[in-house]
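Residues per chain, in single letters:
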Amino acid sequence: MRLFEEILSGADGGEVAFSGAKAVFLGGRCAALENVRGIFAYTAGEVVFETSRGRVRVAGEDLRIARYGEGDALVEGKVRLVELLEGEA
Amino acid sequence: MKPLFRDSFCIEGLSPHRALDRLARRGVRVFDACKTGPARLNFAVSAKDAEKVFAIFAGSCYTVTKTGSSRAKRLVAAVRRRPGFVCGAALFLALSFAADGLVLRVDVTGSAARYAARAEEVLAEAGIGVFSFYSEEAAGRARSRLLAEFADVAFAEVEKSGCVVRVTLEAGEIAEVPARKSELRAPASGEVEELTVLRGEACAEEGQQVAAGDVLVLGRVAGADGAYKETFVSARCVLRCGYAFTVAGGGEEAVRRALAAARLSAERDLLQGDAAELTVLEEHAAEQGGAIAVTLVLRLVLAVSY
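Protein chains in written order, with the working numbering: chain U, 1 to 89; chain C, 1 to 306.
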């Protein structure tokens, strides 16, 4: 996700490595996340991932985890919401 | 990217999504994880990680069941169970490929197909025969030799269609090469107005009076050593000459007919051989003792060129 590095380096003037939650959200189709450390909850309507700086909730319908491992996760289905639940922004 | 060879599993237990965490911590990537019940989850892993799954959950509270494999893996497994079939298929393909290059028959067609027997011999000498392998290089050699072998064959083609080599021989008309002129002669007496020689030796000059039959251009050229070498003539000459014609008759009408007849007679007598063009410059008619004497002054263009 090179775009994130560009955004972060421009905003904070130098923080290139961001260990918090990173997500790319395609509304109604999928959500891709990085820096995922675990799955806190998983149902067909909601998947909550644990990251080093909090939890990220992906909500929608008919959700399935298309890919998970090595810190990456891809949730497919009717994804309607990607929300940071707690921790630092 | 999802791996081509995958194994599918079903895991049952409390919080089956925690099982995915356990797999992720052990370096096993999970694909297509889908919850099928409150305590059941289906997922897939790469085929090379399948044994790891059972090892990771051995002795745990999860029940892991292998439910299937990806289509590619099933296909490979089916092929491995039937080695004879695979070998047979491979052998069949190899034989088909090899046989496609074989020649099983030679057909000779075309208007010169009467040379079929010799054509087949020529092909065999070039390396194309029954039960031999066909190559474009050999076909090219055969093509050239067929054209050289038969003088009256204007077209020869060798091509392969399946296992049959088709030879097409078409006869063509033998065109005779026209004989080249070795000299240019004056067809009538007159004055040379123009003489242009491209090849040969000029034997007259512009303004010279020549007689009928005189050589105007000779087919020879002088070499550097002064020796003459025979060649063909390529030249153009404009000759101003006279033509006399006499016809019996009298009167104005007869004179007109005599003039016309004289022109026709001049064209018939002089426009042959090397004469290319005839122009009547002057015409005179005189009545003499019951006859009309016509005198024409003509410009005759003689040309020999290749």
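Honestly, the hints are just simulated from the structure, not real lab data.
What you are looking at is a predicted structure, and each value in this text was computed from that prediction instead of being measured.
Glycine is no exception: its CB is placed at the ideal position from the N, C-alpha and C atoms.
Do not rely on the hints blindly, as some may be mistaken.
Said to hold, decoys possible - Some chain C residues judged to face chain U by a derived CB distance under 10 Å, without partners named:
| # | residue |
| --- | --- |
| 1 | LYS2 |
| 2 | VAL30 |
| 3 | ALA33 |
| 4 | ASN42 |
| 5 | VAL45 |
| 6 | LYS48 |
| 7 | ALA138 |
| 8 | ARG141 |
Here is how each hint holds up against the structure:
1. LYS2: 8 Å, holds
2. VAL30: 5 Å, holds
3. ALA33: 4 Å, holds
4. ASN42: Interface hint status for ASN42/C: holds (9 Å vs cutoff 10 Å).
5. VAL45: With a minimum Cβ separation of about 9 Å from chain U (threshold 10 Å), the hint on VAL45/C holds.
6. LYS48: 14 Å, violated
7. ALA138: Violated, because the Cβ-Cβ distance from ALA138/C to chain U comes to roughly 58 Å (cut-off 10 Å).
8. ARG141: Nearest chain U Cβ about 61 Å off; hint violated.
Checked against the numbered hints given earlier, this structure breaks hints 6, 7, 8; the rest are met.
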